[in-house]
Amino acid sequence: MTKSIMKAMLWKEWRETRWKWLAFALAFHIPLFIAGLMVTLRESARFDLYALSDSVLSQVLEFALVFQSGFLITAGLFLLAFFAVGSIGAELDNRSMFFLFERPVRRWQVLLFKYVVGALQTTSCVGLSLLSTLTVVYLVTAAAASNVTLAGSWGAYVLIVSNGLRGSVWTTIIALMVYSATFLFSVWFEKWWIAVIAGAVSLVLMFYYFGGNLIDWVISRAARTSGGDNGINLEFYSRLELLPILAMLMVSAGLYFASQYVFARKEMR
Amino acid sequence: MSPDSDNILDENAIETRNLGRKFGKFEAVKNVSLRVPRGTVFGLLGVNGAGKSTIIKMIMGHLRPTAGEVRVLGRALGEDLLGIRRRVAYVSENRYMYDWMTVEESIRFTSAFHETWDDNKASDLLKRFSLPSEKKVRQLSRGNRARLCLLLALSFNPELIILDEPTSGLDPIVRRDFIENIVAEIAEEGKTVLFSSHIVEEVERVADYVGIMDEGELLMVSTIDDIKLTYKRVRYATNGTRPEVAGVPGVLMVENGRYEQVLTVHGVVDETLQMLGERGVKNPEVLPISLEDIFVNTVRAERERRANR
Chain V
1 MTKSIMKAML WKEWRETRWK WLAFALAFHI PLFIAGLMVT LRESARFDLY
51 ALSDSVLSQV LEFALVFQSG FLITAGLFLL AFFAVGSIGA ELDNRSMFFL
101 FERPVRRWQV LLFKYVVGAL QTTSCVGLSL LSTLTVVYLV TAAAASNVTL
151 AGSWGAYVLI VSNGLRGSVW TTIIALMVYS ATFLFSVWFE KWWIAVIAGA
201 VSLVLMFYYF GGNLIDWVIS RAARTSGGDN GINLEFYSRL ELLPILAMLM
251 VSAGLYFASQ YVFARKEMR
Chain F
1 MSPDSDNILD ENAIETRNLG RKFGKFEAVK NVSLRVPRGT VFGLLGVNGA
51 GKSTIIKMIM GHLRPTAGEV RVLGRALGED LLGIRRRVAY VSENRYMYDW
101 MTVEESIRFT SAFHETWDDN KASDLLKRFS LPSEKKVRQL SRGNRARLCL
151 LLALSFNPEL IILDEPTSGL DPIVRRDFIE NIVAEIAEEG KTVLFSSHIV
201 EEVERVADYV GIMDEGELLM VSTIDDIKLT YKRVRYATNG TRPEVAGVPG
251 VLMVENGRYE QVLTVHGVVD ETLQMLGERG VKNPEVLPIS LEDIFVNTVR
301 AERERRANR
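So the protein lines, in turn, are chains V and F.
When the first sequence is numbered by the working numbering, its final residue is 269 and no position is left out of the sequence of numbers.
When the second sequence is numbered by the working numbering, its final residue is 309 and no position is left out of the sequence of numbers.
Simulated from the structure, these hints should not be mistaken for laboratory data.
Just so we're clear, the structure is a prediction, and the values are computed from it rather than from any experiment.
Backbone N, C-alpha and C fix where the C-beta goes; we use that ideal spot for every residue, glycine too.
Hints are not guaranteed to be accurate.
Using 20 Å as the maximum straight-line C-alpha spacing, the simulated EDC-like pairs for lysine to aspartate or glutamate come out as follows [to be verified]:
(1) K22/F <-> E267/V
(2) K266/V <-> D80/F
(3) K7/V <-> E105/F
(4) K7/V <-> E104/F
(5) K191/V <-> D99/F
Sample of chain F residues facing chain V (criterion: CB under 7 Å; computed from the structure) [what the hints assert, rightly or not]:
(6) L82
(7) Y90
(8) Y96
(9) M97
(10) Y98
(11) F109
(12) A112
Reference excerpt, derived from the structure (chain F facing chain V, CB under 7 Å, subset only) [stated by the list, open to error]:
(13) R85
(14) R86
(15) F113
Next up, chain F with everything else stripped away, as it sits in the complex (with noise of 0.2 Å):
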């Protein structure tokens, strides 16, 4: 089978398999299994510091994994760094460039190292960005500066684009044009987008797929529906008296209230009420529940978890 037949075949753009990375005794990443599809739009979220510019780092050859490994497009880092790299946009958040350059100069300079550059997509991304071609890189707004590294990123047709914290710094407008316009844009080309974010109302617009991260680990990775499918609130009135929850099914949260407790339950929620009804819940109420809660409950439940280990 030849090494083309072998990337067609292979429906992950990215794969690890548990990744690990220290720094000193420091643990950033612990035993990460990740896999991207292609086509889709995967978002990773987690706090900062959560681990998930150091995955992106391994994911793109800046920093050796201290445990497991990594595929890209089907190919392992170390096989083929070059060729990763012919298809492969990164931007990293700092969004690094050389200042001194001018817009025009910069899209020169990036065209030579890409054969499948195409100035005609760089130009219309030009006029769309509205972006100065003589103004020097270091005279540009942080928004300006964001749309040109994604324009540099976008113009040599990369398979996979790989965004680390793509809005951060950037004012609620542009944020919004960069997520919802340009990143579903990009997706809609088939392309495959990761981007990592702590902004979860980020990942919910354009995510197929969600990651949530913690201290290095990744706790959870699903779809946005089934996310939304499988998690639920369930709320009910105490009347003073609370129910024993340990031992219930599915509860991952209890939020208590003055006079209501509120559980987040995964996955088993037919099985949570009819144990809820036996220790005298009435009248529970089931509610949808929002990315936000999924993740703000989804990392409590695992520090909590931590904590009590």
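Same shape as in the complex, but just chain V (with noise of 0.2 Å):
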């Protein structure tokens, strides 16, 4: 592959999915924009901003990492499903990557680029969704509650953020494999829908294996919230585990070249 060509494919993919992409990461905000109607506009639920202290503040933070983890660990993924399949599925579907396979390049190299192009657009977002809410509840809480000062949360922040980037690598990684699945489904069924479900189905078998521990830790907090215990528990956010972590890995991998396999023997009807 010259490099032409792979500016061309560059510039192609990135034309193709670059409004989705960006659809894509705002919906991954979702929560902080329900969690911020609900704020506005129910008077219980209102936090008093006046009141707001620097200690105060990173429970306000907390509550914003396990909200968005439980959103990005149910809906979320499944969001991430729709992604994956629009990277190749509709390409296949309406027949126009028949184009490229007109042209003089290899069958693999098309699927390697479809593959990391979505891989990254959809595990960036993934990825950087849990720090950028952390940061938006952050920076907004700051400016506008009187009692928050900049220098006595900061410390509160990066506590809350270390928690987060672990967070961040065990979703991210979870994404890339279910990324991964959905990415071998459509190349294998080529209608986009069929994929969508395939993909559904397989986020939930990876769950019951790898997401079961992340799932429980989301359900415990939202039980210690509403039976009013204010102990944060960010256990499972402080421990990276190796294994798990490269298990998740092999199994995307092999995910990949499923697809590089099925791709290859596939016939252009």
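Relying on the hints, combine the two individually framed chains into one complex.
See the structure below:
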């Protein structure tokens, strides 16, 4: 593959997916918008910004972290499945990919390109959404609450973000795995809606094997919050175990190579 | 011998040997051996579903044959598919393109894939086809879409151009321009053209060679001139009693009128006339035959033969 072909392929991928990527990135902040609306519209849920202090801010940030994590591991990854299907399924479904097959470029290179671009887009959305949510909450609160100072609350922000970073690693790797599975299905089935269903099923199965801890953690957090327990348990986020991470990366790689295998044997009727 | 000298010596741009393709139990292409000589225009003629597109897709490497082999520009497909695609342009029946690109973007995008891309040629064709460079592909008429496909196919100076039903869906004016001017011009540059069509007059206008296909079989390959020389119609009055034509050499098809009988004869007209004379036919008339008649009669005769099998 020459430099000019790589440039052209990159340009095509970017032009094809840029708005979808932006919409996807925004969609990953839906919980933030919902929380904002709840706080603004519901009298009982409204925070008294004047009463917020540096120490209370950390609880607000923890709440944001739990809220966003819950979204990511439930609805967020289903969104991801849709995005992954769009990255190749649509092109196979409407046959526009034939245009590339008529050019002097190898099939596996076309697929690799699409996989890498799609994977970067999806994982960046998922990985960054936790951090961007925390940062937006922190900045808005610090700017609006008179008792919160940037200097005084910085420590709380750093602590929550460091936990959030670990959470980002987990969710990003899970996202990569879901993306890879849906990518395989969209190469396999071509019809995008079949791939979405298959992607959703794989998502449920993956959570059964890999994401159980994360879901338990979010559920336990929600239970504690409703029970009025102010203690924050970031135990899960404080651990980054190498073995499950490696296992998930290997599953993703396996799914990618399976996509290549299916694609190489696919006939373009 | 170097591969390049191999290519120069190979006089066929396309060669298939006993090519076959099955989809489940359905045999879409049966034992097709086809040779497209370099520098010629070859028209593959057949009704819809005859297997023309399947053969073309196998030649392009989009479909794998279940039997036989394909050589393009002297190379086996499996040997050097990429190298072949650098030298072969293909315009599919459905004219696949990226609808969201503008004409200009499509040209720029495609040019990146071909080292032999000729910018001057592309801009000449853009002007000649009066294509609106700022318009998106999805906004183009069918005719302009076909022209854009052709522009993208020709601008990298391919040695072989494969057009699958290039005029399908086009209005008669665009269709005629496409066939009479463009294909003829490509041929004048010494390039090889293989095109499929179900419209006989298109093939008759520009093709040097014609191959007639039906139900996956290649029934006949010949030059247009040879076809017209070797196929004739023989007409005679029957005066109420029709002579027995079974066993008369060269008879492909018999058409019975109220007072006359018309035979489509291949190859051995003199022998045919002699035997008809022996069977009481008086003053038979030998008439020229159109490609359409040859096509229809060849296909009908083959179908009758299959039905009687």
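Hints the structure fails to honour | none
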